[in-house]
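With chain Y held as given, fit chain X onto it using these hints.
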Amino acid sequence: MSAALLEVQGLSHRFRLKDGRAVRAVDGVDLAVGAGEILGIVGESGCGKSTLGKTLIGVLGADDGTVRFEGAPIQNLDGTALRAVRSRLQYVYQDAGAALDPRWTIGRSLDEALVIHTALPRAERDARVRETLAAVGLHGDQLSLYPHEISGGQQRRVGLARVLALHPKLLILDEPTSGLDVSVQATILKLLVALWKQYGLTLLFISHDLAVVRSICTRVAVMYLGRIVETGPTAGIFTNPRHPYTKSLLAAVPLPGGRRVIDEAWLEGEPPDPLDIPSGCRFRNRCPMAQPLCATDDPTLRPLAPGHNAACHFA
Amino acid sequence: MRSETALVLRKLAEDRLALVGLLIVLALLACAVFAPWLATFPEAVTEFNPAHRLRPPDSVYLLGTDRLGADIYSRLLFGARITIAIALVAVGVAVAVGVPLGLIAGIHDGVASNLIMRLADIFLAVPQIVLAIAIAQTLGPSLPNVILALSATFWPWFTRLVYAETRSVRNETFIEATVALGASPARVVCLHVLPNIVSPIIVRITLGLGFTILTAAALGFLGLGAPPPTPEWGRTIAESREYLPDAWWYAAAPGLAIFLVVVGFNMLGDGLRDVLDPRTRRAGRPRD
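Chains as they are written, first to last, in our numbering: chain Y, 1 to 315; chain X, 1 to 288.
So that you can see chain Y by itself, here it is in the shape it has in the complex (with noise of 0.2 Å):
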């Protein structure tokens, strides 16, 4: 693994209620992403995936720990210096076509991100914005359009090509592919290996498709109730998954002609309320391996193999 790129410790982020209590969305992240890495993580919904991407870019405020981008610390900044950080490190939306102004035509939405980041005069703008729109696979007529009027495809082209523009390090992609055609995810998938290979990007690939990620991903992290509990390179998770949580996660996937789902899944019941996270180790209320030792002792990331790391007392 080179240099880390952005390095995570402790990170938290917690959502207050009215009646006082918090929701420990991200808890105590620990988190290294390569340059060049494509870095999987995954988890069921409403494990903190999508929380964890929009604290590490400060659109949510870190309540814990500490974010160090380029060996700078990111966490918690305002004004310019956010602003500086963010032509660097951008966020792509789910929902692309919700994160684009409805009143804005596409080319009027591609421009924007670069009058806020450059000083680039009109005619260099528009020939970035087309240069990036070609990279994405779109057509310069499309410029006009308001983004009711492309496909959900498109849409995650536009959302891509808005942030390229920028030339950035590293992309944190929230589930580039839910929600679209299967043949559709494919084109999608090429296209950010294709455009990871061009801009020489990082990307941290959030979802909650284990087939994709072991289809693009160059090390998975595997994140359960706001903590990562594994991770490392993509063949070691997939072949040989240390963590108890991995190892339902992966057996949870159907395979055609394989055995049945239900046979070999161990995972029961859904997640425990992160009002109320258990005591000792998070996941222990669901795992067939717990100890009493578990629900006193939080177990912490610890090394495996080479680059694999579980946090788990009996992995």
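Bear in mind the hints are in silico, worked out from the structure with no lab data behind them.
Fair warning: there could be bad hints in the mix.
Here are the in silico distance ranges between beta carbons for each label pair [claimed, not checked]:
| hint | chain 1 | residue 1 | chain 2 | residue 2 | range |
| --- | --- | --- | --- | --- | --- |
| 1 | Y | GLU149 | X | THR46 | 55 to 61 Å |
| 2 | Y | HIS167 | X | PRO185 | 23 to 29 Å |
| 3 | Y | GLU149 | X | PRO228 | 40 to 46 Å |
| 4 | Y | ASP141 | X | LEU88 | 28 to 34 Å |
| 5 | X | CYS190 | Y | GLU149 | 20 to 26 Å |
| 6 | X | ALA30 | Y | LYS18 | 54 to 60 Å |
| 7 | Y | GLY28 | X | PRO185 | 28 to 34 Å |
| 8 | X | ALA164 | Y | GLY79 | 27 to 33 Å |
| 9 | Y | ARG83 | X | ILE129 | 45 to 51 Å |
| 10 | X | CYS190 | Y | GLY28 | 37 to 43 Å |
| 11 | Y | GLU149 | X | PRO144 | 36 to 42 Å |
| 12 | Y | GLU149 | X | LEU256 | 32 to 38 Å |
| 13 | Y | ASP273 | X | ALA112 | 34 to 40 Å |
Residues from chain Y that face chain X, not an exhaustive set, calculated with beta carbons under 7 Å [stated by the list, open to error]:
| hint | residue |
| --- | --- |
| 14 | GLY28 |
| 15 | ALA32 |
| 16 | VAL59 |
| 17 | ARG83 |
| 18 | ARG86 |
| 19 | TYR93 |
| 20 | ASP95 |
| 21 | ARG103 |
| 22 | GLY107 |
| 23 | HIS117 |
| 24 | LEU191 |
| 25 | LEU195 |
| 26 | PHE238 |
Just so you know, even glycine gets a beta-carbon here, dropped at the ideal spot from N, CA and C.
Just chain X now, with coordinates in the frame of chain Y:
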């Protein structure tokens, strides 16, 4: 944006009630602009002819004459100028004050937002006409004071509307996405929030113009408007009371004028509300 304007106009043209409303409003504007040319007795505002007082409508005095012998038709036309001036300035000031306050209160959470909205609530707690009468009475009867009284009572409506709309728009993903892109708060508010809530503001302005004309006429009727011999419509009705029911045209003409104009603005406002509704607009927008 140009094609959108064209579409709004085309849909408006299909709405018969809105079209009638638009025609009435345009007619009012024409009356105000061309009053000196349309009037049969352009000097009726300042010169009087007591010999011809209280004449019923005929071919010379189209809508009869008043107690001083002035032509009511001509005075109505000049009154349209006052009506429009009051309504436009009063609503304009209310928009200029109310919309920014609503945006500020809608975007921020906390003390400033609460202060603004509670202040608006206090103004809204008193019936508008009562508050306007109190203000106009305190400051003395004059045209600027009527405008001031109307603006002071109308701004909270815009603040409340803009506040509510801003609250709902600011939770949209595209607002968060624009912030994430790196846009400054001023940019987000002026270029993304405001354009997305402009439709309800336009509707409220249209309806508000009609309502303000009605309130202004009420103030004039109570003697709180411009002093005589200003041909203000409300004041004319007030003057006519002692001559009713014999001189029926004296009250009927300005009364009908107020009625038509208010109804006109309301029909136009309702039509605009239908046309500017984003759901109907989206369904109808052609692909180009």
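Right, here's what the structure says about each hint:
Between Y:GLU149 and X:THR46 the beta carbon distance is about 59 Å. The supplied range of 55 to 61 Å therefore holds. The beta-carbon spacing between Y:HIS167 and X:PRO185, approximately 25 Å, falls within the hinted interval of 23 to 29 Å. Take Y:GLU149 and X:PRO228: their Cβ atoms lie about 59 Å apart, and the range 40 to 46 Å is violated. The given range of 28 to 34 Å is broken by Y:ASP141 and X:LEU88, whose C-beta atoms sit roughly 42 Å from each other.
A C-beta distance of roughly 25 Å is found between X:CYS190 and Y:GLU149, which places it inside the suggested range of 20 to 26 Å. Checked against the hint of 54 to 60 Å, the C-beta distance between X:ALA30 and Y:LYS18 comes to roughly 56 Å, which is consistent with it. At about 31 Å, the CB distance of Y:GLY28 to X:PRO185 agrees with the hint of 28 to 34 Å. Separated by about 29 Å at the C-beta atoms, X:ALA164 and Y:GLY79 satisfy the suggested range of 27 to 33 Å.
For the pair Y:ARG83 and X:ILE129, the supplied restraint of 45 to 51 Å holds, since their beta-carbon distance comes to about 49 Å. Range check, X:CYS190 to Y:GLY28: about 39 Å between beta-carbon atoms, so the 37 to 43 Å window is met. A hinted range of 36 to 42 Å is violated for the C-beta pair Y:GLU149 and X:PRO144, which are about 49 Å apart. Range check, Y:GLU149 to X:LEU256: about 47 Å between beta-carbon atoms, so the 32 to 38 Å window is missed.
One distance hint, 34 to 40 Å for the beta-carbon pair Y:ASP273 and X:ALA112, holds here, with the actual separation near 35 Å. With 7 Å as the threshold, the beta carbon of Y:GLY28 stays out of range of chain X, its nearest partner Cβ sitting at about 24 Å, so the hint is violated. Violation of the interface hint for Y:ALA32 is found here, the shortest Cβ-Cβ separation to chain X being roughly 22 Å, above the 7 Å cut-off. The criterion of a C-beta within 7 Å of any C-beta in chain X is met by Y:VAL59, whose closest approach is roughly 5 Å, and the hint holds.
The beta carbon of Y:ARG83 comes within 5 Å of a beta carbon in chain X, closer than 7 Å, and the hint placing it at the interface holds. For the restraint placing Y:ARG86 at the interface with chain X, the shortest Cβ-Cβ distance is roughly 4 Å, inside the 7 Å limit, so the hint holds. Taking 7 Å as the C-beta contact cut-off toward chain X, the hint placing Y:TYR93 at the interface holds, the least distance being around 5 Å. Hint status for Y:ASP95 relative to chain X: holds, with the closest Cβ pair at about 6 Å, below 7 Å.
Because the closest C-beta pair between Y:ARG103 and chain X is about 5 Å apart, less than 7 Å, the hint holds. The interface hint given for Y:GLY107 is violated, since its Cβ lies 13 Å from the closest Cβ of chain X, which is over the 7 Å cut-off. With 7 Å as the threshold, the beta carbon of Y:HIS117 comes within range of chain X, its nearest partner Cβ sitting at about 6 Å, so the hint holds. A least Cβ separation of about 20 Å between Y:LEU191 and chain X goes past the 7 Å threshold, and the interface hint is therefore violated.
Here the hint on Y:LEU195 is broken, as its CB sits about 18 Å from the closest CB of chain X, past 7 Å. The closest approach between the C-beta of Y:PHE238 and any C-beta of chain X is roughly 31 Å, which is over the 7 Å cut-off, so the hint fails.
Hint compliance for this structure: hints 3, 4, 11, 12, 14, 15, 22, 24, 25 and 26 are broken, all remaining hints hold.
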